[in-house]
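2 protein chains.
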Amino acid sequence: MLERTTEMNLLYDFYGSLLTEKQQTLLELYYLEDWSLGEIAEHQGISRQAVFEAIKRAQATLHDLENKLGLLKKYHERRKIAQELSQQLERYPEAKKTVEPIIARWLEID
Amino acid sequence: MLERTTEMNLLYDFYGSLLTEKQQTLLELYYLEDWSLGEIAEHQGISRQAVFEAIKRAQATLHDLENKLGLLKKYHERRKIAQELSQQLERYPEAKKTVEPIIARWLEID
Numbered sequence: 001m002l003e004r005t006t007e008m009n010l011l012y013d014f015y016g017s018l019l020t021e022k023q024q025t026l027l028e029l030y031y032l033e034d035w036s037l038g039e040i041a042e043h044q045g046i047s048r049q050a051v052f053e054a055i056k057r058a059q060a061t062l063h064d065l066e067n068k069l070g071l072l073k074k075y076h077e078r079r080k081i082a083q084e085l086s087q088q089l090e091r092y093p094e095a096k097k098t099v100e101p102i103i104a105r106w107l108e109i110d
Numbered sequence: 111m112l113e114r115t116t117e118m119n120l121l122y123d124f125y126g127s128l129l130t131e132k133q134q135t136l137l138e139l140y141y142l143e144d145w146s147l148g149e150i151a152e153h154q155g156i157s158r159q160a161v162f163e164a165i166k167r168a169q170a171t172l173h174d175l176e177n178k179l180g181l182l183k184k185y186h187e188r189r190k191i192a193q194e195l196s197q198q199l200e201r202y203p204e205a206k207k208t209v210e211p212i213i214a215r216w217l218e219i220d
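These protein sequences, in sequence, are chains A and B.
Using the working numbering, read the first sequence as starting at 1 and increasing by one per residue.
Using the working numbering, read the second sequence as starting at 111 and increasing by one per residue.
It is worth saying that the hints were derived from the structure and are not from the lab.
All clues stand as given, with none of them false.
Covered stretches of chain B, going by a simulated chain A footprint (3 or more residues, C-beta under 8 Å):
{"#": "1", "segment": "191-205"}
{"#": "2", "segment": "210-218"}
Residues from chain B shown here face chain A by an in silico Cβ test under 8 Å; the list is partial:
{"#": "3", "residue": "S127"}
{"#": "4", "residue": "L128"}
{"#": "5", "residue": "K178"}
{"#": "6", "residue": "L179"}
{"#": "7", "residue": "E187"}
{"#": "8", "residue": "R188"}
Quick caveat: nothing in here was measured; it's all calculated off a predicted structure.
From the three backbone atoms N, C-alpha and C, an ideal C-beta is built for every residue, glycine too.
All chains, please: the whole structure from these sequences, using the hints.
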């Protein structure tokens with residue numbers, strides 16, 4: 001089975017630009033458009049097995065990039081710390097109101 | 111001339127793990143150890159011109175990765191926002207004292 005999870009979507013968000021154009025097309029159809037392997041095969045004029053193998057290789061590449069750069073791990077760490085920051089600021093409502101938009105911009109950088 | 115700047119050092123920090131082992135060795139000697147091209151050539155048993163070309167190609171790869179992933183750009187954006195956050199918190203010394211260690215941990219994630 002191929003993974004079809006939120007994590008794979010996030011990995012694709014982070015590293016998709018490093019894949020080949022062909023790999024990007026396949027993953028977009030599979031993950032973002034939610035097509036079946038059969039539908040992609042018919043549309044691309046290749047076998048279902050070829051689609052399966054290509055997506056599996058692209059997934060392996062995304063996991064390899066995550067092992068090397070850890071952007072998804074860092075993304076989760078930042079979100080956790082932002083939560084902690086918000087909780088700590090509960091005690092200082094005025095300060096919280098002032099810095100909350102800045103924290104929101106910070107999180108958007110991911 | 112090859113670039114030998116803080117920016118190249120940062121790019122290597124961010125993307126070095128995606129280069130080949132050979133490229134990593136060359137860039138480490140050139141940027142981190144501050145060896146000359148001639149010294150590297152002698153140590154590696156290749157010509158000075160070959161070292162030059164290899165480092166130039168590795169630099170191009172680092173720039174290409176930055177164009178695609180923008181980690182260095184994001185790094186600078188985060189630092190700018192952290193500064194803004196610190197400035198805004200000047201008015202709330204107690205809140206600042208509480209959240210400063212959390213902000214420090216946030217920045218360390220980069």
